[in-house]
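In order, the protein sequences belong to chains S and F.
Just so you know, the working numbering puts 419 at position 419 of the first sequence, and the rest follows in order with no gaps.
Just so you know, the working numbering puts 118 at position 118 of the second sequence, and the rest follows in order with no gaps.
Misleading hints may appear alongside valid ones.
Claimed, not checked - Coverage of chain S stretches by chain F, computed from C-beta distances (three or more under 8 Å per stretch; other residues unrestricted):
id : region
1  : 278 to 289
2  : 303 to 314
Unchecked claim - Here are the computed lysine-lysine pairs in the DSBU-like style, where the Cα-Cα straight-line distance is at most 35 Å:
id : chain 1 : residue 1 : chain 2 : residue 2
3  : S       : K164      : F       : K507
4  : S       : K164      : F       : K322
5  : F       : K507      : F       : K464
6  : S       : K331      : F       : K507
By construction, these hints were calculated from the structure, which means they are not laboratory data.
Here a beta-carbon is modelled for each residue, glycine too, at the ideal position from N, C-alpha and C.
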Amino acid sequence: MQIEAAICAFCGCLCDDIVLTIESDRIVQAKNACALGKAWYTAHSRPPDLPAARVDGKSVEVEEAIEAAAILLTKARYPILYGLSSTSCEAQRHAVALAEALGGCIDCCTSVCHGPSGMAVQGFGEPTCTLGEVKNRADLVIYWGSNPAESHPRHMSRYAVTSKGRLTPNGRKNRTVVLVDVRSTPSSRFADLLLTVRPGIDFEILWALRALVLGRKVEPAGLAETGITLAQLTHLAELMKNCRYGVLFAGQGLTQSAGNQMNLSAAILLVRDLNQFTKFAIIPMRGHGNVTGVDQVLTWQTGYPFGVNFSRGYPRFNPGEFTMVDVLRRKEADAVLSVASDPAASLPAEAVQRLTEVPLIAIDTHESETTRLARVSFMASTVGIRASGTAYRMDNVPLFLKQALTSIYPSDEEILGRLLERVRELKA
Amino acid sequence: MIRILNGEVYDPINGIAGEVRNLYICDGRISSQDAGGRTIDAAGMVVMPGGVDMHCHIAGPKVNTARKLRPEDHRAHEIAKTPLSRSGTFGSVPTTFATGYRYAMMGYTTAFDAAIPPLAARHAHEELNDTPVIDKGFFLLMGNNEFIMERIAAGEKEEVRHFAAWLLQAAKGYAIKLVNPGGVELWKSRSNAHTLDDEVTGFQITPRQIIQSLAEVSEELSLPHPVHIHCNNLGIAGNWETTLETMKALEGRRGHLTHIQFHSYGGNPGESFSSKAAEMAEYVNAHPNLSVDVGQVMFGDTTSLTGDGPLGYMLHQVTGCKWVNVDIENEAGCGITPIEYKEKNSIHATQWAIGLEWFLLVQDPWRVVLTTDHPNGASFTLYPRIIRLLMDREYRKEMMRNVNQKALAQTTLPDLEREYTLNEIAIITRAGPARLLGLQDKGHLGVGACGDVTIYEKNADWEKMFAAPRYVIKDGQVLIEDGHLRGETYGRTFYVSPAYDPAIEGKIRKFFDDYYTVRYENYPVQLEHYLPRPEAIPCRV
Ligand code: SF4
Ligand SMILES: [Zn+2]
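With the rest of the complex left out, here is chain F (with noise of 0.2 Å):
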């Protein structure tokens, strides 16, 4: 039990926007009694709920390849044991520990994995197992998928729906994503897929109807979270048209576009690249069935890691550096290289305005989520000074002074006055993110919400106030003071279990037969091993 007593409340979901407040926690919830406990006297300290990073690349077959690709990053990055925490490595890609840790001592309290491919979500649930504090989940690569693509082709929508529900069941996965759909597929014979009508070679489908049947499905199945999108196209100048295509192809349908930076570009590659974040920004704003994540790029060394094939393969041609490829049976792809964003590069000195154009040029705040898309455009340890580049419009004015001018001319961003509120940042943060992902206990400080809870110490500069807060309660239990780890706990992994009709099992066991090295008995995750502290979201009708 813990009373939070005369703290400044954000708490965006129920309306409370800084109100001094006091709150209580009960059996690990968020109570409207006070039941007595340890008191925090949080006056002049801002309380919000736990954050929540709806996207990001902490677990599973091609992060850890990417850990094991790079020595280098880890050296003099390490943290030591404590009598309460392991040790591990830190880089752009950190260990499971450290990944854990990290976020919790920025106020973080739950992460969504972004990509994982079916046949190793085995390998995932291992990580998240071995990922402290924080409560996890991931979504599941279904775009190129070559049993969803046989059925889209052969005109059985109702088996699309019946297998993806199966395979979220198999793998205890939480939503459905789509990496440059039918891309992947394309790259395992050393093509791609360019516009949303190319033909996926061998299936007679396209992007197109790849997009619209899994988001239809999503739907359908009323999965707590809306079909996650990475388009197709990623990183390629003039991409825009592409990303606003996919929106279109959508029909009102929700969806998620996810780090949007990325797909956000104008002019033809080779030759130009600009900015199209305040067209694309208008077109969001006009339609509600949208929304983002930004997969905001910070300056410095990074590790690509995707699962989009061949933009990891376009990577390594553009800065040469080692490159891991892995193409992964009927489902799905992976490409991996080291990258590092310089500010005066002009590319990647319009790719950082860009994700700020699209911050601050999303009029509903709910809508938009704070990303780097860790570690891809920059690590999740850089969000506190990515809201101060937000909330501080004289600090972005600096920073804008130290990239490449004339790409930073091009677009938007020096005409940007506006600067966030803390109770947007909670919004882009954490409620939004919970709201959008459909966690009902997250995100929020109502009675019966979960007791994660992040303390802050006012402070002029926004990026230490958000870096370093004065307390983290996850579930009612104080894990953070003062900076320092107070104990030890593995959050929950939330996972979804739609519901299918069995009569499509005998052929997806035909499919295993045919074309999968694993058999199909062996396929599914044992929930009772591999979940340790599993919660089910419903999917509700």
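With the rest of the complex left out, here is chain S (with noise of 0.2 Å):
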């Protein structure tokens, strides 16, 4: 059986152009998908091979298990959910009101991605597109500590480099790529342009291109800690101010290196300052499947979109307060319920310490360190594969995500619905 226009919930590109060849209930081809996407869609279509659900290690019923986990949830007094990057929107709804009926926290993978892209929105706003616009108008692109050739294989052939629209006609002919990373990776063939700079410096250079940009004068003795000189800063200023639509795709070189907010807060300052010369836009690169769409849910239900805390019956958002390495890191949470991400693996160590001294509980759809080291954990049907369900694309596009293969575990928008059912019940 073949499907076509499958969609690939690996990375942040969220490609819907795949072609899956299922034999026997299992994908044997995914056309179109690039490396990253086959191992995807090959280690997710296997059968399953763990139990559906267990408890202190041992196989039990899913119904045993959720209440296993309700009554560790609502004994807590400080929980707090987190994760959820690659599942649905619709596990992400529960998993608010979750959140909600606990009283605890909740925060996602934005907190340790992109969260500083987010406040810099909140702080100066986003020009932005969507990926079309980038296709069918975008004459100069840069890449700005970003690796996408790896992190996202098909971004520059399915939306920014090589794809052609209605005003790129030729593609790659039709646009200068720009790439500002710390080292040389396997993206750098791909750039016209490319700039070295030294870590830990892009909020200097931003500012300095702004300046620039605004017709300012920079001293080129300012520029000397950057790895770049004045001459080629001048030159990608004016590559900017003159492209007809311009798009900085916006890394975790940016967002994860020294500055991080301020490094975002100077890239908006910088698009927008171009905004009155051009059109330019700013799209960052964001990377799970749907970490996209837990930033939606949260903010259409909380008003906020990481970090969320319900203590108090309503909505507080403070990230550094209630985000999840904070919290762990001073050993507040008390009870802690991983979904479709790996904090075990993931986090900083004194954060992982805090994983092996509270009850954890996990629902992915993998065995991981987070799911070996939870008391009680789930398997669950992956998202795009053996369960159906919504996920945003970097640039905010939804899409349905259809099942292809039988689902033999539940998903986790079942298992966060029951869950958070049976913890309703014992809170009443």
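Please dock the two separately framed chains into a single complex, following the hints provided.
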């Protein structure tokens, strides 16, 4: 059997042109997918090899694990829900309701990847566009602190570099591509202009660029530490001012290096300034399949995109206070529910330490350090493969991911829905 | 089953203006039979159909981005969870749950979001599904759709019609919406449309052609609501000429001109700013094919969020506040910026006065609707205050004393003595918008209508009366009683499903292959999944 126009949910590109070949409930081919996408399809179409639910390492009925998880969570005084970037919006909606019912915190991977982008947006706004406008209009594309060839392998071909559109009928020939990074990467060879900058100096460069764009004087000495010359930067400023439609893709090299939120603020202000001269947009290179969707769901339900606390019965937002790493590091959280994420493998050591000290519940599509560490763990069907649901592309375009194979495990949506129901009963 | 006894009933569609009557609701609908059930003694109270908001921004990408943009606006405006209801935050752009509850607490049971880009229709439906109590739907942005512009340029009128029908079906939208027709497309190359006859670069067509062809399509498809137009040049001094041109361009076809207040300015940009409401209202009075909603400005802090990208930029230039712009591939745009309307600011005072002039100068209340273009002019929660301004001349005069006097003196507002009656309020807040939307079961209390009833305790202060109805009944269920939520329900989503010739699909598919980044197959909204309580409103030929 073949499925046309399937959607790969591995990375924020959400490529929706995948042709799946299915044989005896397995995906044997994922045409058009990149290597990462192919690996994702293969890994997630494996037949189930683990029990659907475990409590203290022992296989149990899902119902029993729901009960155990509900009791652990309702007993806690300061539980936190975390993750949610690789699941559906439908599951995320239940997760926010659950955090509210528990009076706990909810946070997503945003707080450890593009949280600074979100905060910069709250400060200054965001001139942006959907990826189709990049395809149709952009004649200048800048990747800053990003290595799309490895992180989002089809980003350049589908959207930003070789893609052809209304004002870019010749694709690559119609575009100038600039890469700004601290080292050369597999993406470097796609660039017309490569600027290798010293680590931790992005803010200074962006600020100098703003000055140049606005026609102010920049002292060459001020750039001494940056690794690039005034001539190089002046050239870039001219390219930016003189393009027809420019796009700056902001990668984690900007958000997760010195200055993080300030880097993004500078980038946004630079793009805002450029709109005095031409059209210019900024798009954060959101990573995981549906990390953009968590922002959306949390925002429409609470008003805030991540790091939300419900202990007063209503949502409050404070990055650094209600965000996962901080709540763990300060040893405030006394129970953790991780959904579609592997905090035990990805967070800083002090935070992970706390995960070993408190009741940990994990819902994921595969075994991970977090599921192994968890007191209660659930195996869930992968959205887009064995379950359906909504995901938002990195540019906030919502797509419906259809189930391709039979579901054997319940979905995140189902598990969270049942957990929510049980928690509400226990709390009543 | 509910019996509402001895209330003073205002049901303008059925010609009832304040008669003392009994009402019965059976199986969620108004019935002629008294089938028993809970009895509400409404003696001395005012009974009206549930309110209908025909133009607000409550769901979808720009509303949610505005929420995300303004944490400072939510803080200290929280609502806590209760055993029956979810928590949320308020401010100028409330969260979905907060939105639904607040509409209900104000006696409104229906609201339409006025500007959804088709590419984000799924997002709008997701949010509407998290918006409790009210029935809802949305208008679909088509005034800068590149497929439509190409077909107009090619002179293929029929194809424009088939495509519009396909798009409404694909997005599960309700009506055709134009926002700065042609201008949003031009903004993608940092330009704008300033007259109806400016050329839309790359398409060799004009805003006039877009307006005319989509007004025609709306009629030919017999959509329940006519074309809904946000004119070119919103907010710009002297824009009244463009607005009048737009009205004339309709050539007698039905058309709804939205937030007309923002389009009624005389003067010259950067030099002078004045009201042209009187002249324009006269034109509307003389042309029964036209209807308007006001988009009243109220003083205070709010958020401007619009599908009109160049307008967003202009406001950002004026205020210097944070600014969001989103260009949406092949079809739309978006601009967001915080804004504060100040009483002493001469432009803001003029805008406030113009809105009131419109209410007071349009003679036929069936063709003027109460809106604030929430949250652009003000929050929908200020509707009760606007009602008081319309019903209570003394209060209006008192409020007039607070605003910039020079600006006020240049409008006709100080000379307007009219006071709205309760019956007229019932028209501009429910009967009129329901009729303009083509919703047969809404906005009235005749047999078979939806059992949406709002019961107000009389109060000499009209604002207080309309802000806190004693009972709000939705589909025959008492949901609000004495200002408290008594139950949580989720309303229906209205959409239309006009027929089209499937031969158009091949052309649309080709267009998607060339210009979109989503596949044709992945674009249409899955009805079963995204509309849990769908209601298709028929297109009557
Ligand atoms: S680029 Fe991302 S979404 Fe596209 S196929 Fe590769 S992993 Fe999947
Ligand atoms: Zn509007």
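Okay, the hints, checked on the actual structure:
1. 278 to 289: holds (count 3)
2. 303 to 314: holds (count 7)
3. K164(S) with K507(F): 18 Å, holds
4. K164(S) with K322(F): 33 Å, holds
5. K507(F) with K464(F): Roughly 55 Å between the alpha carbons, so the hint for K507(F) and K464(F) is violated.
6. K331(S) with K507(F): 60 Å, violated
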